[in-house]
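Novice: Please put together the full structure from these sequences, using the hints given.
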Amino acid sequence: MEIYSTLIAILESGLRLCVPLVFACLAGLWSERSGVVDIGLEGKMLVAAFASAAAAGATNSAVIGLGAGIIAAIGFALIHGFAAISQRGNQIVSGVAINMLAAGLTALVGNAWYNQGGRTPPLEGDARFQPLTWPGAEAIDQIPIIGPIYAHLISGHSALAYCALVATILSAFVLRRTRFGLRIRAVGENPAAVDTAGVSVTRLRYSAVIIAGVLCGFAGSYLALGQAAGFLTNMTAGKGFIALAALIFAKWRAWPAMWACFLFGLLDAIAIRLQGVMVPGIGQIPVQAIQALPYLMTVILLAGFIGKAIPPKASGLPYVKER
Amino acid sequence: MSTPIELPKWADVSLVPVLAVIVAFLVAGLVVLGIGENPVKATLLLIQGALGSGEGIGYTLYYATNFMFTGLAVAIAFHAGLFNIGGEGQATMGGLGAALICLQFDFLPWYIVLPLAILGAMAMGALWALIPGYLQVKRGSHVVITTIMFNFLAATLVVYLLVNVIGKPGSMSPETRVFADSAHLPYAHEALAYFGIKIPKSPLNLSFVLALLASAFVWVLVWHTKLGYAIRTVGHSPTAATYAGISIGRITLITMAISGALAGMLAVNEILGVQGRLLLEFSSGYGFIGIAVALMGRAHPIGIILASILFGILYQGGTELSFEMPRVTRDMIVAISGLVILFAGALDGLIRRPVAGVFARLLKSGG
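Chains as they are written, first to last, in the working numbering: chain A, 1 to 323; chain B, 1 to 367.
These aren't lab readings, by the way, just hints derived from the structure by calculation.
Glycine included, C-beta positions come from ideal geometry on N, C-alpha and C.
Accuracy of the hints is not assured; some may be wrong.
Simulated coverage check for chain B against chain A, where a stretch passes if three residues somewhere in it have a Cβ under 8 Å from a Cβ of chain A [to be verified]:
id : segment
1  : 116–127
2  : 151–163
3  : 342–354
Specialist: Here it is, written out as structure tokens:
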């Protein structure tokens, strides 16, 4: 039983850690499917985390916080969109700029406003998304085997965690089954064809970039209002890049993206769990080895040693209308 | 809109980047105003802190050394049409390379240890760029993504080694023992004192000279050798390069190796010059600012030296400024770098187009 409850605890913390990754990864999915490469996921999450913590602290409302986070992330997404779509600038360069701008501005403004070395004052109560306990979770928890699954894995997460699942379902459905989704995918593969069909490439790509902003807004708000209680300097700590890795790992598809994020969240949970633990027969497993796995697996996958990850054909290329 | 924007060459290499930097500074000034400080006063304090004393100038040039190495690394890759955003990881590995040599051989005299350690830093940096290059050439995975992943891989590898293998036993912080004096690159004030010249103490060390030599090397290589011609051809038109019999794969590998070696030399300044031991996160974002430096310097060594000095001024002045105006922390410099990358890189056309318009009108009225 001891092992079983440990397993449940690891799965539970893996679920929590994967939520921001899922949002960010779906953001990347939308953007890159439309042909706009986005390495600025990290920066957009970071501004969203800061804006949501600041707004939630000022209004004592987590929902307003989320709204502020989404607006901030959309703002940064539009900078990227303007550079990538309207100005036909280099999308990688723009992404790097977004990340640096976000890291610098959040720390600078956070320090100037709150005087706490860049962090926002701790949030509590309604200013955070509290875990939702599903009906009967405590009673059912007593049932062996199935009980903990219901009480800890299905129940007991913040509203935003369930939103991540909804976002995956919606993204998969819209991209796969709707006309808008088809056009988004088409504009990422062959924008000229979409243009010839009389559909605006610019408008499609902007909508995808804005959707990416909304999703990054959710990701950052979850970090500041769900996982932690407030904003910390550079609290995304590379999660945007892990999400990017997960996106490649999922070969730019929605459901695999969620599973890849869950896998990477789980690895993170295992790494935290194994810190300083002696495993019988093996000794101490270096935590860093587990932390490095997502990056290593992505490199190996990209290099085509296990399967092949092929990005959308027109991703990274600005579209120039023919005259 | 889609016609190429024609500009006289001098305007292209000097006017456009200068305007981009001015726009970036104006936006940064608005931010300073937004947090309730006076941007003019902040600028004066910053310049005073960076250039107002011998010590300040020393620090400015010491920071500029780092930016020169990482800026050159990004620039040479640009010339071959490659985007190396792995400077951070390559510098980290450079530190590891230098440290491994120093830990083994620092009982030997300086004229053996130092060259070996510098080569070690360059070799490890080159290796960490060569693998992504190889994966692009042979396996088709793009260097941009691979170098990002390699940044994280380098960071975790060095944490592991410092905690478990080469860290100082009994020390709480993950760092190696301090190297012997023979593995220390002399400070500028020590070197000049040898010739009887007295300058104030600062972390400025002989790496600065190495950085200038590296700039000269890049200039000669790119514009005055056959290899440099091949690199630029691949960067301009891979198809033309193939027709000319240039192997794109070979040029990619060579360029990535040189780029990584240059990024690795950041460790020469930080580890051999200043810290005297390997510690975590000594690269602290210099790799990324190198992108801003390369864009601003238009990938030319002279531009890069000037841009590095500007960022050195920002770094040192920013530190002094944060003492005088505690609300304006050094994070300001990270934000400014982001703005420079945005305006000199991704939003380049925003500045270039109006400038081209002005020139077109001037030419018309003149002719």
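Novice: Check the structure against each numbered hint from earlier and tell me which ones fail, lowest number first.
Specialist: Violated hint: only 1; rest satisfied.
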